[in-house]
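J.: Since chain A is already given, all that's left is putting chains B and C on it; use the hints.
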Amino acid sequence: MPGNVWVMAEQWRGELSEITYELLALGRELADGLGVQLEAVLLGHDARGLAATLGAADGILYADDPAFTEPTAAARSQTLASLAEERRPHCLLLGLTNLTADLAGILPAQLGAPFVNYCRDVRVADGKLEARCILYGGKMDAAVEAAAEPVLLGVLPGVRPADQGLKSGAPQVEDVTASVPDAPRVRFTKYLEPEAGDVDITQQEVLVAVGRGIANEDNVELAEEIATALGGAVCGSRPVIDQGWLPLSRQVGKSGATVKPKFYLAAGISGAPEHTEGMKGSDVIIAINTDPDAPIFGVAHYGMVADCLEILPALVETVAAKKG
Amino acid sequence: MNILAVLKMVPDVVEELEVGDDGKSLDLDFLRLIVNERDEHALEQALLLKDKHGGSVTAVAIDAPEIDDVLFTALAKGADRAVKITDVEEGLSTRAAASLLAQVLPKVPNLLPADLVLAGCQATDDLDGQTAAVLAHGLELPYLGIVSQVDADGSTACVLSEFPGGVRGEFEVDMPAVLGIQASEKPPRYVPVAKVRAAMKSQTIEEVSAGTEPEASLAAVTGMTKPEAGGKAEMLDGSPEELAAKVGEILSERGLL
Amino acid sequence: MAETTAAPDPVACEITLDNLLEFPEGREILTCIQCGMCAGTCPYGDVMDYPPRRIIKMLQAGLLEEVFTSDSLLNCIACYACMAKCPRGIRLTELLLPLVKEQVFVQLPEVPAELQKALENTLRYGNPMGESPRKRAQWVTTTDVPIRDLSKKPERVDVLWIPECYMSYHPRGQEAARATARVFHALEVDFGILGAREKCAGECARLVGEAGLFDKLMDDNIKQFDKYDFNRIVTSGAHAYDAFKYLYPRFGFDQIVEHTTPFVARRIEQLKPLLTKKLDYTVTYHDSCCLGRHNGFYEEPRTLLQAIPGVKLVEMAHNRVNSICCGGGGGGMWLDTFYAAKGYDRLSDRRVKEAIASGAEVLAVSCPYEVSRFEDSIKVLGYDDKMVVRDVVELLAEAMEP
Chain A
1 MPGNVWVMAE
11 QWRGELSEIT
21 YELLALGREL
31 ADGLGVQLEA
41 VLLGHDARGL
51 AATLGAADGI
61 LYADDPAFTE
71 PTAAARSQTL
81 ASLAEERRPH
91 CLLLGLTNLT
101 ADLAGILPAQ
111 LGAPFVNYCR
121 DVRVADGKLE
131 ARCILYGGKM
141 DAAVEAAAEP
151 VLLGVLPGVR
161 PADQGLKSGA
171 PQVEDVTASV
181 PDAPRVRFTK
191 YLEPEAGDVD
201 ITQQEVLVAV
211 GRGIANEDNV
221 ELAEEIATAL
231 GGAVCGSRPV
241 IDQGWLPLSR
251 QVGKSGATVK
261 PKFYLAAGIS
271 GAPEHTEGMK
281 GSDVIIAINT
291 DPDAPIFGVA
301 HYGMVADCLE
311 ILPALVETVA
321 AKKG
Chain B
1001 MNILAVLKMV
1011 PDVVEELEVG
1021 DDGKSLDLDF
1031 LRLIVNERDE
1041 HALEQALLLK
1051 DKHGGSVTAV
1061 AIDAPEIDDV
1071 LFTALAKGAD
1081 RAVKITDVEE
1091 GLSTRAAASL
1101 LAQVLPKVPN
1111 LLPADLVLAG
1121 CQATDDLDGQ
1131 TAAVLAHGLE
1141 LPYLGIVSQV
1151 DADGSTACVL
1161 SEFPGGVRGE
1171 FEVDMPAVLG
1181 IQASEKPPRY
1191 VPVAKVRAAM
1201 KSQTIEEVSA
1211 GTEPEASLAA
1221 VTGMTKPEAG
1231 GKAEMLDGSP
1241 EELAAKVGEI
1251 LSERGLL
Chain C
2001 MAETTAAPDP
2011 VACEITLDNL
2021 LEFPEGREIL
2031 TCIQCGMCAG
2041 TCPYGDVMDY
2051 PPRRIIKMLQ
2061 AGLLEEVFTS
2071 DSLLNCIACY
2081 ACMAKCPRGI
2091 RLTELLLPLV
2101 KEQVFVQLPE
2111 VPAELQKALE
2121 NTLRYGNPMG
2131 ESPRKRAQWV
2141 TTTDVPIRDL
2151 SKKPERVDVL
2161 WIPECYMSYH
2171 PRGQEAARAT
2181 ARVFHALEVD
2191 FGILGAREKC
2201 AGECARLVGE
2211 AGLFDKLMDD
2221 NIKQFDKYDF
2231 NRIVTSGAHA
2241 YDAFKYLYPR
2251 FGFDQIVEHT
2261 TPFVARRIEQ
2271 LKPLLTKKLD
2281 YTVTYHDSCC
2291 LGRHNGFYEE
2301 PRTLLQAIPG
2311 VKLVEMAHNR
2321 VNSICCGGGG
2331 GGMWLDTFYA
2341 AKGYDRLSDR
2351 RVKEAIASGA
2361 EVLAVSCPYE
2371 VSRFEDSIKV
2381 LGYDDKMVVR
2391 DVVELLAEAM
2401 EP
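Residue numbers (the numbering used here), protein chains in the order written: chain A, 1 to 324; chain B, 1001 to 1257; chain C, 2001 to 2402.
Since the hints were made in silico from the structure, they are not lab data.
Do not take every clue at face value.
Unchecked claim - Here are the computed lysine-lysine pairs in the DSSO-like style, where the Cα-Cα straight-line distance is at most 27 Å:
no., chain 1, residue 1, chain 2, residue 2
1, A, 322, C, 2386
2, B, 1052, B, 1024
3, B, 1084, A, 260
4, B, 1201, A, 128
5, B, 1226, C, 2135
6, A, 323, C, 2386
7, B, 1246, C, 2342
8, B, 1186, C, 2227
9, A, 280, B, 1201
10, B, 1226, B, 1084
11, B, 1024, C, 2386
12, B, 1232, A, 260
Chain A with its partners taken away, still in its complex shape (with noise of 0.2 Å):
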């Protein structure tokens, strides 16, 4: 008789994120298709409240601990091994966001359980988990399956639709030990905003987005006319921020805002999940590369096997064109 499947609900900030609905919504199948009960585990302080929406669970599992107000994995590791030890689930849904991420790094080990990583699905098949997964920055799609209880598993962003996990009616709450360490060696002090962004680029309804392919900070030059004769705003993947051509309130990803705008221009980004986590809910997605195989073509609306160099300056004289 397998345990039951379990989801980490992630917070940020004081609210849970829209992933945790994600994850309820596959833990969902997951449960039916195991024939087991689906719990959430919600690790936080003075937070039952957040309970409200996590309707689509059959139980909720929760721990109070002052330690949860700081976004540190050692007292959540410790806590979930515990119970995980006592309760036996079959798995636990994590979500691979940078709030997370390494709690997903440090669990299974001290767990000593399986652990896989980067599923953009997961299915029940013969009463056992086979997940889908991505390597090699989308060049690859591997099948996996866990050898061991409990499986780990490292769910990308966007794996179901979120409305299809979020359910009010808050079912049964049960109140959990915490355990965590009693010196811990990892302490948080602060939080540091971003600079005061000229722009929010959650708020645009166009973005054209550079990447790596943009060769050097000149060329962002020709994505600021388009997005400006557009009335939007420029973005990048992270290699740019990371070269300093975009400041980081234009990062688009992991560590970066997502975005949801009406129309994403992907000018040579190759599309690694870290980045299109951020982007791919957008309305209208055009990606331009050089590389046939670039896994950006996987999520967006229309694709061009091209030099973004070539393309840009062309659209900066169609838009003119367009508008005068």
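T.: Only chains B and C this time, still in chain A's reference frame:
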């Protein structure tokens, strides 16, 4: 300051990857390996800390094709020591490799304790674990990942880790510690080829036999496939002008132009 | 004053800054009379803190270390202008500058990002673009003339044709590659290519100061050349030509080396009857630094252009030995951001303005860098409907069309 930088090789995606005959691993014929980009950042961060505070940097890796080039490059960039762990079965999973390192590193002469152990916080072939986190657990050291800034003074490190929306968190970490590096404070430095070649002639890579069997991986790939090329995108053709015109049409259709 | 700076014999590669004075080419440097022709003729002379004259003075005063700590030498695009004007004929661009730049490079606190990437790509993939070496000859599948890939099927050929990196990977370069293949085919040239086994000659890496990278590429390339049976190399790369001709012989490579333009020009009598289509273009020819100033091939490209029916050749204000570099050599191809940050105007912009002023509508070139640089400048300056850039071979191939 005594810092370890842990490096590994991953498939180079500039070459087209193909599925091998067994249907669940990569075709080795045209496979080239490249150092994990995040590990390069980890090495750079180690060198930056050494530039600032003095001390020594040791580059460590498990034996793999082309790893010698990577280790000599690390030495040429300024690492003081390079250690290669040998007699390890090929193709270990991330987790198995990290667990092995946690067992072997304490046995390498004059290596541990280090003040900091830096490794990339992720790699594209991390199917069953994160190297830095698993290593930290095995060495019983504190861990913080997604690190983009580190400074260390005495017995604690002041570390910045990344959160969503460009927000960063500041942490105090007791040393010795393992940090999973997302990005070094400056891009990895360039090293002239002549310096690397000189390192190959004048410096040596210490070889240490693992002397232990790796643990079994707890997750296995049962099948591997190439995602459909192009995926769901409708592919457009034409000259740059024609393609730009098509983009213009799409914008107009949506009332954005 | 020499019309060409072409060195009579290959540069001794074993010369370093330490043993400079043990070699005649090195001692020659000390004959500098400090006239300042080099500084005066340098296209970036107004921002060059250390023109050759000053470098030599610092060398003599034992103060060369100071030169190494300035990044000003990154402004040198190895255009051979200083060397062409030097009344002493000192091997500035060929010898002194790369040696000094090598030390500058080592001391740079940070290598400009684009340049770093280009060099790392060249080391790893044999081309600055970072494309897979296996795809180097993929363009061959798009030609309509047969091209023998010797790496797949070795056979004896007269000419080993080396298109080099831009012609192999860049879309505009590939157009010139196709045109070259058509011209060779029409001239019944017995040629083959190395395909995926070809690697960058690395001359621009050497000129920016990465002698170690050049050495490694040279080792690899000579090993490859030794495996095949051919009489001569004909290369489309102007910088590659310099490397194969002047440096490789010091390391045991002693076959004939030619550049496409003079190679085809020597067959002008055979070519003329094939140029049947009339092209009513007013064309101006840009003398590339390597082919022109360094090697003296001024008339060959003009002979070819004038053989095309309908073509009217006009000259820019600065031509032949006085030509203004496109700015791509010596690493300049990957330093545009670096120069822009310093507020320099682009040399290719300057040159395009001259081309427009000459009354031409076609800017003809014979070095692959020039195509992308000038086309870029044309766009930026807004001359799109006034001028196009064409490699000389592209025009020849066009004139051969039915």
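J.: Please list, smallest to largest, the hint numbers that this structure does not respect.
T.: Those not satisfied are hints 2, 3, 4, 7, 8, 9, 10 and 11.
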